[in-house]
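So the chains spell out like this:
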Amino acid sequence: MINRSKYYLLLILISIVTLQNTFFELINYGLTFTSVDGLLHFSRGNLYTEISDPFSLAEVYVYYPPGYSIFVGVLLLFFEDSFLTWYIFRAFSAVLVILLIFIFGNKLINAKLGILVSLFSALPLGIVYYKNDEGNFLPALNITSPSLNGSDTDIILILSQMVLIIFILDRHSKTNFSNNKFILVLFFFCLIHALSHTNRLLMIFASVIIFSLAIQFTNHDRKVKTNALHVSLTYQIALLCSYLFHYSNVFNSTAIGEEFANKIPGSLDSISLNFSFYFALFVTFNILVYVISFNINTNIISNKFVDKYWIVYTFFALSISITILYSGSNSSFSSVSGPYFIGNASYFGNILILAKHGYSLLIFFSSFAAYYYIRDQSIRRNYRLILELFLISLMVYLISIWLDFVSRRMGAFYIFRPLFIGSAIYFSYNFLSRINLRHITIPVVTFLVILIQTFMIFNYVISPPIIMGINDYDNTIKSRDYQENIGVSINIIKHLNKVEHEDKLILTLAENQKLFAALYPISPISEEHLGTIFRNEIYFLSFFESYDSEYLVITQRDIISKDNTTIQFNTDKYDNYDFLDITYTNSLGEKVYFYNGGLD
Amino acid sequence: MNRDNQFFYIILFSLVLLISYNFSFSYLFFNPSNEGMEAWIEEVNYDESSYISNLTFVVKNLFDRQIPCLYNLEISNGQWITDTTILNAFESRIITVSFEVIPDKVFITIYAGDVPLTLSLK
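Protein sequences, first through last, are from chains A and B. Its first residue numbered 1, the first sequence is counted upward by one per residue in full-length UniProt numbering. Its first residue numbered 1, the second sequence is counted upward by one per residue in full-length UniProt numbering.
It cannot be assumed that every hint is accurate.
Partial selection, computed: residues in chain A whose CB lies under 8 Å from chain B [unchecked claim]:
| id | residue |
| --- | --- |
| 1 | 12 |
| 2 | 13 |
| 3 | 15 |
| 4 | 17 |
| 5 | 388 |
| 6 | 571 |
| 7 | 578 |
| 8 | 584 |
| 9 | 585 |
| 10 | 586 |
| 11 | 587 |
For each label pair, taking beta carbons as the anchor points, the in silico distance ranges come out as [stated by the list, open to error]:
| id | chain 1 | residue 1 | chain 2 | residue 2 | range |
| --- | --- | --- | --- | --- | --- |
| 12 | A | 572 | B | 94 | 53 to 63 Å |
| 13 | B | 96 | A | 431 | 38 to 48 Å |
| 14 | B | 9 | A | 355 | 38 to 48 Å |
| 15 | A | 353 | B | 51 | 49 to 59 Å |
| 16 | A | 547 | B | 118 | 19 to 29 Å |
| 17 | B | 52 | A | 355 | 51 to 61 Å |
| 18 | A | 537 | B | 20 | 53 to 63 Å |
| 19 | A | 358 | B | 44 | 47 to 57 Å |
| 20 | A | 240 | B | 50 | 48 to 58 Å |
| 21 | B | 27 | A | 529 | 43 to 53 Å |
In short, the hints are calculated from the structure, not lab data. Glycine included, C-beta positions come from ideal geometry on N, C-alpha and C.
Chain B on its own, in the form it takes in the complex (with noise of 0.2 Å):
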């Protein structure tokens, strides 16, 4: 094997190993694990005048997972609404919600994987 060959193939072997990196990557964003999330109740806010109430919410990784995962959001107030969010490492991502009616109940619950996260209030 000459010298220019074996340059072409470090190269190359390099480039395997980093687009499996790549696909890797993305085998973990897609699939995240259902460890080390935690969420809570951040702050409630009742507008007398217009009647809407604003939940706030923090989602956070408790891990330092590194690279980013994808989470599904689902908050119930006796309709559903869905919401997708991209989660970092150290992120808190914090989300509020409005609600023009004020619901008896609203359910937060966040899929981590296999284990969902609920917070709930009245």
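Next up, chain A with everything else stripped away, as it sits in the complex (with noise of 0.2 Å):
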């Protein structure tokens, strides 16, 4: 009972920092993302479509039933499109996955998995690899489930289906529900899925029909076998359905069926879908299933050949490989989900870099071990089975890419990267434990663990901002004969690029009259000449109308000297002048003033 009470508390723990997390990735992607547009583009199934009022429940209805646009309908009505919807909104799918990814870890071997699994999924822990400008993949930390910007009710109604199938297929479940309850729960949850994202239901469903196919040839267990053609069957009617009723125009006058013609992902384009297709394909394929999977002798191919786990892992890591080579030369990838990457990661920068490729890798090969770690250790063998639905899906992701078949939205294993490092670290922990040196060896791994991901956490958010919008040498100026170290802002460059195309006079204080002779080459105005102007109040008056020039630029350099102690100007006065506007100001002090004419 106090082992109970310590998950609970755990996993209450983990809720708050999800809850914490939530807040700031909001704020981080800012409103503008999830705001209504979001929500039109979300809530339809991929299908744009027209409609005249957002806010309007019976008409978002009509159009976009249950999923998404149902529940943000609902707290639309009540908070309006406000900070405080989509932080309700996006903090209780958060919650819902943590507790979801728990049960599924904690089905699988035991709760500490499911902590450490809803762990994983909550906190920034996973690496992802993005792309940089100069094509190189920079690994950062990330949250390991898949974003809740955008897929909340998909990952959700993901998760609660897997959960649903670990059941059906548990034939010695001990709760009150018979499988057909189960079942239909899980037509429902399909149904809902297939009416508000089309295209990852399409994800799963590639997955799960072949999941449901290969089981029919490798298990023994005939009660397995038929409750894994019903979940087939299941997800099949379910996607038939949402065809019928709501896209198509069969049973449908609103329907949206040509828009969803266009839709079909890719290469799919051309097939002219209708109703007899699809009966048709729906009839023929389940018949197969039926004939073969009750009259083949499956022991044959599931002794000789499925049950050796390392030619199924060794094609699982060869497929990851693949994959991800393929995607790292691929152009349009601008990010890799990690731990898998093993591309060209060739940029090392600096030590916090090095460390993350490293905690990449590491997990990486944790996770070969945890595969093997679940399946001797799950308590029953159906549970395990879930994971070959992993490979599946895997297999699914990577034939898209091949096809050119909506690969984005083909990433059902991502929702298995968390219960993969969970186990990975849940499995290291095991097998150090039964080292003979554990009194040393835990306690020094442990620390270890802990400093990196201190380090790498706090290195993320409390370090000193860095400079980035800096220009030391700016190309335009450091092309030409008149170099000088200038530290301005981008944006000043800008500013004054703008202006030397119009060919119009720029001024700079005396001491940075190198900036000013680079836009104005043949200089008219001698050093000295110009120090005169600006030290003298009456010269400085006159100076825009006499040199027909607009703007006075005075960059850093000018207000504190190089060796950074005095400072040189203060260009308080200038602020005080009506004629001049203030265009551009940083921080640093750096300012554009505008001649505005007012000396007329």
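From these two lone chains plus the hints, build me the complex, please.
This is the structure we're talking about:
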């Protein structure tokens, strides 16, 4: 009992951290993305249709039933399109994901794994490789579960489906629910999913169908086979129903069938989809599966091939490698989810990036072990079947890349990432504790793991800001004869380029007249003359008119001398001139004044 | 200390670290550094038919500060308008202000910590 309350406590803590992270994540993304525009996109199963009033529940329902829009719609009625609406929605979704993934891990092995898995899906402990401007992939910490941004209902629906499939395949389940009831609930979830995000249902749909087919060939248990067939049928019927009653015009006068045909991914565009095509495919496929599964002696196949897990796992590792290498070489990919990345991560930059590469590789190799570990330790063999679903979803992803079949929407294996990273850590812990030297090893390893995590997370968040917007040398100036190390903002340069193009004269203070000279190559003003102008107010006031100049630029070097000690000019007086507008300013004191002709 | 307890304390310790990370995040969010802001006037439009002038200006972080910060804007054209904005790393926030009566001079002040930034336009 004490143990159980420990886990509840941990789960609550994880949920609290998740709530906080969701809050910050939402701030980070800003409200612009998750606004009503986002709702209109995500709530339609990827279909764009103009609706006149997104706040009208009745109208939203006609076009975009259950899923996203109903839940958000209700919140919108109370809080409108505000921060609170989106925070409540996302916080609720995030906590639900944490709970579902805990059940997932708990069912597979035990509550400890459940806690680890939920921890890994709640915190930015995974690694994702982002492509930078130079084409290198750089590691960055990332929430291990799929981003909740825009996929909230999908991940919840997918996880619920996984949990339900586990229950359905478990023929020794002690729950009062019969399998039929579970299947009914699964159907309900599939239907909602089909209506709210067709593409993502297709990815799970493809994986589950192949998965149930695989079970027909490899499993000896007739009941498991039948259950798997039922799961497969449930998915097919759900997709069919969503098509018939929502997308096509067979039973629905407000159908959006034409758009649906256009949105069917990639290479299927040209196939004309209609009711008879679906129906024929559906009937043929299931009769085939039924005939094959109950008439073939599966023992031969399963004993000689499938139970050799190393073959399966080698295939798994190979397909990941090929996928990632492929995507690495494909310029359209801007990010690759770790820890499986082994592409052109040649850029090491600094110790932090190196540490992240190391961390990524560590997780990659640990997950090999974790796969076996789950297989061996899982209490019931039927739970372990879900791992095959992972392999199959990976295969579906791989094939979708090769066929150019909306691969971005086929990443069902993402949802298994926290499971693998969590179990990798759990496995390592158990493995080390079996070694005789555990009194030394465990504290050292724990210390190192926590140190790495702390280092990465704290570095990520509270490191001092790095200057990114300042150019020491601007290329436009560097290419000229007049070189000077000018510490100005990129945006000042942009300002000046624009002006230079119009052959306008730009002023800077005397100290920094190289910038002036660079932009006005044949300078009619000597350095000495310029100095006089800035030190004498009478000359200064007439300067703009005399030289047809429009801008006065004051850069960092003008304000603080080269040794960073003495202040050279006080620009306060320029601020007070009515004929000068401040059109650019920054915290370093750099300014661009615009002469507005007010001296006339 | 048995294995179960070790496991528990490891997770608990990690959580304490992570919660403190969240608190530090919040602190930095509400108390932004006064360095690394820039602002410039992007566009000024005057619509003669409706007598409405639109002033568009950009506020941007000069620094990669990793976390968003909260800033206050104050726009003055005789009467004060105040606004609050959240700026992310590398983010430009484009803000457009409309004036129905053309003011003599507009001042935009962005409170980024101790040193406010001021833009002005006649």
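Structure-based check of each hint:
1. 12: Residue 12 of chain A check fails; min Cβ-Cβ to chain B is 10 Å, beyond 8 Å.
2. 13: Interface hint status for residue 13 of chain A: holds (5 Å vs cutoff 8 Å).
3. 15: violated (11 Å)
4. 17: holds (6 Å)
5. 388: Interface hint status for residue 388 of chain A: violated (29 Å vs cutoff 8 Å).
6. 571: Result: violated, 11 Å to nearest chain B Cβ.
7. 578: holds (7 Å)
8. 584: holds (4 Å)
9. 585: Interface hint status for residue 585 of chain A: holds (5 Å vs cutoff 8 Å).
10. 586: The hint holds - residue 586 of chain A has a Cβ within 8 Å of chain B, the shortest such distance being about 3 Å.
11. 587: holds (5 Å)
12. A:572 x B:94: 53 to 63 Å: Given about 28 Å between the Cβ atoms, the range is violated.
13. B:96 x A:431: 38 to 48 Å: Between residue 96 of chain B and residue 431 of chain A, where Cβ atoms are some 60 Å apart, the hint is violated.
14. B:9 x A:355: 38 to 48 Å: Violated - the Cβ-Cβ distance for residue 9 of chain B and residue 355 of chain A, about 24 Å, lies outside 38 to 48 Å.
15. A:353 x B:51: 49 to 59 Å: holds (56 Å)
16. A:547 x B:118: 19 to 29 Å: At 26 Å between Cβs, range holds.
17. B:52 x A:355: 51 to 61 Å: The hint (51 to 61 Å, Cβ to Cβ) holds, given that residue 52 of chain B and residue 355 of chain A are roughly 55 Å apart.
18. A:537 x B:20: 53 to 63 Å: holds (55 Å)
19. A:358 x B:44: 47 to 57 Å: Because 53 Å falls inside the window, the suggested range holds.
20. A:240 x B:50: 48 to 58 Å: holds (55 Å)
21. B:27 x A:529: 43 to 53 Å: holds (52 Å)
When the structure is compared with the earlier hints, violations turn up for hints 1, 3, 5, 6, 12, 13, 14 and for no others.
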